[in-house]
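Chains as they are written, first to last, in our numbering: chain A, 1 to 180; chain B, 181 to 336.
A hint or two may mislead.
[To be verified] If you want the footprint, here are the derived chain B segments under chain A, 3+ residues with CB under 8 Å:
#, region
1, 257–263
2, 268–281
[As the list claims (entries may be wrong)] Restricting the straight-line Cα-Cα distance to at most 27 Å, the calculated cross-link-like pairs of lysine-lysine (BS3-like) are:
#, chain 1, residue 1, chain 2, residue 2
3, B, Lys279, A, Lys38
4, A, Lys101, A, Lys153
5, A, Lys147, B, Lys279
6, A, Lys153, A, Lys38
7, B, Lys279, B, Lys266
8, A, Lys153, B, Lys285
9, B, Lys266, A, Lys114
10, A, Lys153, B, Lys279
11, B, Lys285, A, Lys38
[Stated by the list, open to error] Anything over 12 Å on all C-beta distances counts as not near chain B; from chain A, calculated:
#, residue
12, Ser44
13, Trp64
14, Gly115
15, Ala130
16, Tyr136
17, Glu165
If you are wondering where the hints come from, they were derived from the structure by calculation, not from laboratory data.
We put the CB at the ideal spot given by N, CA and C, even for glycine.
Residues per chain are reported as follows:
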Amino acid sequence: MIRRFIPLLVFVGVAALLAMGVMQAPRKDLVPSPLIGKHAPNFSLPSLMHPHQRVSSTQLNGHWYLFNVWGTWCISCRQEYPELLAIAHTGIVPLIGLDWKDTRGEALAFLSTKGDPYQRIAFDPGGLEAIHWGVYGAPETFLVNPKGIIVYKYIGPITPRAWTEDILPRLPASATVAGS
Amino acid sequence: MRLTRLVLALLPVALLLGAPWARAIAPTQMPTAALEARYERLIHGFRCMQCQDESLANSPVSLAADMRRQIRQMLLAGDTDRQIRKFFVSRYGYFILFKPPFVWKTAWLWLTPGILLFVGAFTAAGVIRRRTRLVASDLEEPDPRDGLTGVQERGR
Numbered sequence: 001m002i003r004r005f006i007p008l009l010v011f012v013g014v015a016a017l018l019a020m021g022v023m024q025a026p027r028k029d030l031v032p033s034p035l036i037g038k039h040a041p042n043f044s045l046p047s048l049m050h051p052h053q054r055v056s057s058t059q060l061n062g063h064w065y066l067f068n069v070w071g072t073w074c075i076s077c078r079q080e081y082p083e084l085l086a087i088a089h090t091g092i093v094p095l096i097g098l099d100w101k102d103t104r105g106e107a108l109a110f111l112s113t114k115g116d117p118y119q120r121i122a123f124d125p126g127g128l129e130a131i132h133w134g135v136y137g138a139p140e141t142f143l144v145n146p147k148g149i150i151v152y153k154y155i156g157p158i159t160p161r162a163w164t165e166d167i168l169p170r171l172p173a174s175a176t177v178a179g180s
Numbered sequence: 181m182r183l184t185r186l187v188l189a190l191l192p193v194a195l196l197l198g199a200p201w202a203r204a205i206a207p208t209q210m211p212t213a214a215l216e217a218r219y220e221r222l223i224h225g226f227r228c229m230q231c232q233d234e235s236l237a238n239s240p241v242s243l244a245a246d247m248r249r250q251i252r253q254m255l256l257a258g259d260t261d262r263q264i265r266k267f268f269v270s271r272y273g274y275f276i277l278f279k280p281p282f283v284w285k286t287a288w289l290w291l292t293p294g295i296l297l298f299v300g301a302f303t304a305a306g307v308i309r310r311r312t313r314l315v316a317s318d319l320e321e322p323d324p325r326d327g328l329t330g331v332q333e334r335g336r
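Model the full structure from these sequences, guided by the hints.
Written out as structure tokens, the structure is:
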């Protein structure tokens, strides 16, 4: 008699499995980064502001920093811009920019009219450096600790809430601003 | 009228013939045919992280173009396919591979179809064996009310 219900049980089992899959499926636009907990890529790129100087990972070691990938072509980056200025204003953690697939002229014009929240900006017009960071869209922001380990990655425009709930709690209370 | 029909009839043929040349998105110039073949195979195996359901070979977005450029550079620098795959997986995760690798995390994905096939074959075999037995017992005990039985006996 029980054998009759086996197909039904199998069906319920498969349906439950699929329902779980659908409910727990992560948002497709938020691909988790395998770089979290790993060392940030070593890089040395020309500075956006001073073309003859370089911005490199060795300058950044020993301090907490937020590595923000942006471009003037990126609408969401403009959206998060006020929050970046607010974060810079707190002085808790320096923002290091990666100006991604941009032109120097447009970037400089943008910064001079909107204000500059960054301590340093690396210039990546070719877009190959961003691949090393596993970037697949702008803005993306990485929190890097003094040992150079990526602690956290935030995908999309940083909101005030993301700053207070996701980024700030990961910083030690005594985080200091890196010297410029 | 007849011309329209002719055009409509030839259109699919023309589209099929054009397929091998439809490479406008990822035109390349690798120095050797062997490198070119490896490059082609590699770009078809990676997912475009922006459009997600397209491969790097078919994606028109600029990130895909950058990734193709990265692959080209690594090929020219002498990296193996394995090294190139590892480079992208370590930065974007297994998600970037269209064909998931066989690792602990994906074992169930690869093994489930085999297990289901085995269960299905086992069930089917059971059903078939039971049915075969049914037919045999029917022949052994012919129903006397069945008119066909008489016909068969007369035919022998």
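Structure-based check of each hint:
no., hint, in the structure
1, 257–263, "violated (count 0)"
2, 268–281, "holds (count 6)"
3, Lys279(B) with Lys38(A), "holds (25 Å)"
4, Lys101(A) with Lys153(A), "holds (20 Å)"
5, Lys147(A) with Lys279(B), "violated (35 Å)"
6, Lys153(A) with Lys38(A), "holds (12 Å)"
7, Lys279(B) with Lys266(B), "holds (14 Å)"
8, Lys153(A) with Lys285(B), "holds (23 Å)"
9, Lys266(B) with Lys114(A), "violated (40 Å)"
10, Lys153(A) with Lys279(B), "holds (26 Å)"
11, Lys285(B) with Lys38(A), "holds (20 Å)"
12, Ser44, "holds (17 Å)"
13, Trp64, "holds (22 Å)"
14, Gly115, "holds (28 Å)"
15, Ala130, "violated (8 Å)"
16, Tyr136, "violated (3 Å)"
17, Glu165, "holds (24 Å)"
Consistency with the previously given hints fails for numbers 1, 5, 9, 15 and 16, ordered from lowest to highest.
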